[in-house]
Amino acid sequence: MAAKAKTPAEAKTGPGNIPGNKKVKIQINKVHYDVDEGETSVVALRALANIPEIDVLAKKERGTFVDLANDATVAVHNGDKFASHKPATVLITINGEEFETTPGANTVAQLRSLGHVPADEILSQFVSGQFVDLANDATVNIKGGEIFASHRPTGGSS
Amino acid sequence: MALKDPEVAELKKFFPNLSRIEVGENEMVLISPLILPQGCNPRTVDALLCPFTRDGYTSRLFLSVKVDHTGPGKNWNADGVIIAGRKWWAVSWKTNRDDLTLREMLLTHLDAFK
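Just so you know, the sequences run in chain order A and B. Those letters in the first sequence? Residues 0 to 157, per numbering that gives the first Met the number 0, in order. Those letters in the second sequence? Residues 0 to 113, per numbering that gives the first Met the number 0, in order.
No wet-lab data here; the hints were simulated from the structure. There could be a bad hint or two in this list.
Straight-line Cα separation of at most 30 angstroms, DSSO-like style, residue types lysine-lysine; simulated pairs [to be verified]: (1) 58(A) with 85(A); (2) 113(B) with 93(B); (3) 73(B) with 142(A); (4) 113(B) with 142(A); (5) 11(B) with 142(A); (6) 21(A) with 59(A).
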């Protein structure tokens, strides 16, 4: 059974901390921690080492770091090594310039910030040969290669 | 007036079939096809983006057909004008800016049809 996730304050002393449990030494990002041997949640390990929310935690297995899902549990043994890394990013284009972003859900606010799109400009996605205006409260599922363009709506009938 | 190569290159990323049309001493951009905003009928047309001053407009977007649409550009005051050997139609729509890139210019003109 997975150990219950600790708050960051609790996790500074290690996940579990059940009296009588065998303590083992692990490394997370080259920092040593004493934790209970056995199953523990990835969430608890992340909290213990203050891993940023966007980063991925990986465990060294047979010489290679293997990414751990945030909702998983992991068996912890003496000498285990963990390390975090930034997630893989993909390239998108905003107003002709390429930017890196994480794949998956990107809010329009995030895209606007990434592409330095002024607040008074409409951000549109070019998809299937057409420009589609994006609502400011919308989210776009990014896979990589998406193209966006913005403009200030200054036009009018005369 | 010649088009700016970097702006043409940027627009070509959206429309690979884009071509440059000489009209006298100036150049226009032919976009074939251009998919107009939802609510337009037909939605797929050829378009001629005129980036220089003409007929009192700093720029114009000519379409190969007069489309039905629900946008604010209702006054079709270019009615079958002949440019580069073809007939074109355009609504009365001012961008109110003379510093637009080709990409910005196209998007601003498309607002007439949204």
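The hints, checked one at a time:
1. 58(A) with 85(A): Roughly 14 angstroms between the alpha carbons, so the hint for residue 58(A) and residue 85(A) holds.
2. 113(B) with 93(B): Roughly 15 angstroms separates the two Cα atoms, so the pair holds.
3. 73(B) with 142(A): violated, 38 angstroms
4. 113(B) with 142(A): holds, 28 angstroms
5. 11(B) with 142(A): holds, 22 angstroms
6. 21(A) with 59(A): holds, 21 angstroms
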